[in-house]
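Residue numbers (our numbering), protein chains in the order written: chain A, 1 to 428; chain B, 429 to 856.
Hints should not be assumed to be uniformly reliable.
[To be verified] Quick list of in silico lysine-lysine cross-link-like pairs, PhoX-like style, CA-CA up to 25 Å:
#, chain 1, residue 1, chain 2, residue 2
1, A, Lys199, B, Lys627
2, B, Lys605, B, Lys627
3, A, Lys177, A, Lys82
4, A, Lys199, A, Lys177
5, A, Lys428, A, Lys398
6, A, Lys398, B, Lys826
7, B, Lys826, B, Lys856
8, B, Lys826, A, Lys82
9, B, Lys510, B, Lys627
10, A, Lys338, B, Lys627
[Said to hold, decoys possible] Okay, the calculated bits of chain B under chain A, using three or more residues with CB under 8 Å as the criterion:
#, region
11, 487 to 495
12, 767 to 773
13, 781 to 789
14, 841 to 851
[To be verified] To be clear about the criterion: a stretch of chain A counts as covered by chain B if any three or more of its residues have a C-beta under 8 Å from a C-beta of chain B, and this derived list gives those stretches:
#, region
15, 221 to 234
16, 336 to 347
Quick caveat, the hints were computed from the structure, so don't treat them as lab data. Backbone N, C-alpha and C define an ideal beta-carbon position, used for all residues, glycine too.
What follows is each chain in one-letter form.
There are 2 protein chains.
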Amino acid sequence: MQTLIWNTLAPEQQRDLLARPALANADSLESTVRGIISEVRSRGDAALRELSARFERAPRDTLRVSAAEFDAAEARLGDDIKAAIRQAIGNIRAFHAAQAQPVLRLETQPGVVCELRTQPIARVGLYVPGGSAPLPSTVMMLAIPAAIAGCREVVLCTPSPASDEILFAARACGVEKVFAIGGAQAIAAMAYGSESIPKVDKIFGPGNSYVTEAKRQVSQDVRGAAIDMPAGPSEVLVIADETANPAFVAADLLSQAEHGADSQVVLVTDSPALADGVQDELARQLAALDRRDIATAALGGSLVLLCRDLDEACAISNAYAPEHLIVQTRAPRALLDKLENAGSIFLGPWTPESVGDYASGTNHTLPTYGYARTCSSLGLADYQRRYTVQELSAEGLKGLGPVVERIAEAEGLGAHKNAVTLRLAVLK
Amino acid sequence: MQTLIWNTLAPEQQRDLLARPALANADSLESTVRGIISEVRSRGDAALRELSARFERAPRDTLRVSAAEFDAAEARLGDDIKAAIRQAIGNIRAFHAAQAQPVLRLETQPGVVCELRTQPIARVGLYVPGGSAPLPSTVMMLAIPAAIAGCREVVLCTPSPASDEILFAARACGVEKVFAIGGAQAIAAMAYGSESIPKVDKIFGPGNSYVTEAKRQVSQDVRGAAIDMPAGPSEVLVIADETANPAFVAADLLSQAEHGADSQVVLVTDSPALADGVQDELARQLAALDRRDIATAALGGSLVLLCRDLDEACAISNAYAPEHLIVQTRAPRALLDKLENAGSIFLGPWTPESVGDYASGTNHTLPTYGYARTCSSLGLADYQRRYTVQELSAEGLKGLGPVVERIAEAEGLGAHKNAVTLRLAVLK
Chain A
1 MQTLIWNTLA PEQQRDLLAR PALANADSLE STVRGIISEV RSRGDAALRE LSARFERAPR
61 DTLRVSAAEF DAAEARLGDD IKAAIRQAIG NIRAFHAAQA QPVLRLETQP GVVCELRTQP
121 IARVGLYVPG GSAPLPSTVM MLAIPAAIAG CREVVLCTPS PASDEILFAA RACGVEKVFA
181 IGGAQAIAAM AYGSESIPKV DKIFGPGNSY VTEAKRQVSQ DVRGAAIDMP AGPSEVLVIA
241 DETANPAFVA ADLLSQAEHG ADSQVVLVTD SPALADGVQD ELARQLAALD RRDIATAALG
301 GSLVLLCRDL DEACAISNAY APEHLIVQTR APRALLDKLE NAGSIFLGPW TPESVGDYAS
361 GTNHTLPTYG YARTCSSLGL ADYQRRYTVQ ELSAEGLKGL GPVVERIAEA EGLGAHKNAV
421 TLRLAVLK
Chain B
429 MQTLIWNTLA PEQQRDLLAR PALANADSLE STVRGIISEV RSRGDAALRE LSARFERAPR
489 DTLRVSAAEF DAAEARLGDD IKAAIRQAIG NIRAFHAAQA QPVLRLETQP GVVCELRTQP
549 IARVGLYVPG GSAPLPSTVM MLAIPAAIAG CREVVLCTPS PASDEILFAA RACGVEKVFA
609 IGGAQAIAAM AYGSESIPKV DKIFGPGNSY VTEAKRQVSQ DVRGAAIDMP AGPSEVLVIA
669 DETANPAFVA ADLLSQAEHG ADSQVVLVTD SPALADGVQD ELARQLAALD RRDIATAALG
729 GSLVLLCRDL DEACAISNAY APEHLIVQTR APRALLDKLE NAGSIFLGPW TPESVGDYAS
789 GTNHTLPTYG YARTCSSLGL ADYQRRYTVQ ELSAEGLKGL GPVVERIAEA EGLGAHKNAV
849 TLRLAVLK
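All chains, please: the whole structure from these sequences, using the hints.
Structure (structure tokens):
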């Protein structure tokens, strides 16, 4: 990791250091994905079967995973992983169920009742990547809030073969409609529907650049589907002082770095000694990692920023807007009020990022690429829509009507005024 | 308005009737707007001044509205409109302040604390259209939740000249940075910043097709800005039975129709007599309207759907997903549990849409064009970001760590596991 002393840098250098790298290859990606979506829209399952034959590790004609396949997956899994998944589900369910909102009802003036209510989004699609490892955690993070919200239709797509862990987690989270197909074609199928895959209203989940681009494209079409959030490579920023354990910090940096060569890893510290200690630990721990090539590549693009004090560290983090923010300082909670624009914050030495990735209860679907400035951590609210209801009594309209008439007049909207005036005339 | 009997139609006819019309002219619009954004990004205020000279009714060199201009606007306005705006602000503020969420803190298992917190989005931009009438109501709807959320920077753009009502409402809602510039160039300026206009993180507000397209484009660029929601023409659906007052229903349909020739207006009723009565009232009320040409054009594209019963009426509304839904039936609240996909619902004879447009307390910024299936009514939450915090004690990690290790192993992510393992080793 490259080490820089923050306040020796010019403002433009500081800004460029914290900017995310441009995502490569955008034009050809866009047209390739557009072609796939168009094929799936026009030819449905026939196109999906052809794409399965071309791209899947285990191509299949019947895309939907059968009950027998679920049963077989469950039978093959050991009790320990099943128990671990069940415990994670319990925690995630508890934290997401606690996010439910009662109806907000307020009488803003006599006889004028306003309500804010929530409803589940009717049909949701979940995408779970395949790739180098099965990701049952993604199933849990996407499916549990859908079940709590009460979404009527929940569809899950994942590349073929769907791993045993994914099928077990899906069933444990109440998802029965699983289709073993991945890539942009899976996103297209969920956005527009095919003979076998139901159309959904909103699509959730991470994926490779094709999946991300497909989500972007269908979200731009009103006949397509909404999406959870825009996506970029995963990232972590660690704020640490001289009290931090260098081995812990290095382990946390590496658990981000092993995600992919494009993972972003930033350490911000006011302690040169801690920075040195972390570099030593990185070298030591790297050697023992299965995914050391990926992690090494990611560390090549990563940064150690030496800052003056923890206030400056917070300012750097706020400017970067990290997906994951780990705070290992003498009094981590004391920094909370100074921290902005982070997707999820991990406080103290006993809170590695991996607890939130899997099992503490928080959602691991978080805004990346600087989107944490405006986007939220995924939660129950993303599976719901908020809408308002209002009801005026006759007395309520008598009280409020003249105000509405006066503003409608100022806006030159005579019919808006008249809708009140003719009612008030009846009430006289 | 064209009248159709719903259950005599084929399913495809039903679907097509409820689909929104395609928005015209998309390609040339896209490139025109792309050009404007590029000009503003590269030349800043110089480009804005040129565009002001070309497009504004009152071109100006100094874009920011001065304190003296605010004072003069306030001095010119009558006390009655000021009082009306103040009363509306009071109701809107009360309903949006009630939406604030306390920190959610849950110990999901011993020593594992998860929190859901909210923070204001730091910098927001509000767009208030000019056009045929000043819209102080839009100022209130966009600025009040920004103030309650505590957004650090609030910028408002509106075409020049900014009306007295808009300036009065802006100041009354705590907005001091008002710039008299409209169109795609205003959106570009807020998304990227110029010498005089600060860059913001998220842009809110309605506008013409140039504004809407500019918002779409800047929201696709991570260096641009997020936006409130996608937009289309405004629309209302009224569910009425034989107990409804035809004059009230007609007045509500007209207050939607006067917005623009592309406004969508739908009446769904199980009573042919009510449908006839409404048609008669429409003809009568139209004659007296200032904006009757606009309203007549909108009604030309609008529908009366005769249905079998109120259950079918609810199903039609749910399929249409209206921005505004007015229910004038014998027992309107009894339908609430059957109604989905509406932006805002107005119950009963004394609740015309215009009370929500201006003053009841609910927000009038609502999802149009079918987006109500997944998008929410604008509220305090749109000016905030939700993020999670977690903190484990040593005991907490001892309890949860093995679960995390087991799932990390299943996912083949050794560094994720190691971040737990080396901590547990210290705790032994």
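* Can you list which hints this structure breaks, lowest number first? -> Hints 1, 6, 9, 11 are the ones this structure does not satisfy, whereas the remaining hints hold.
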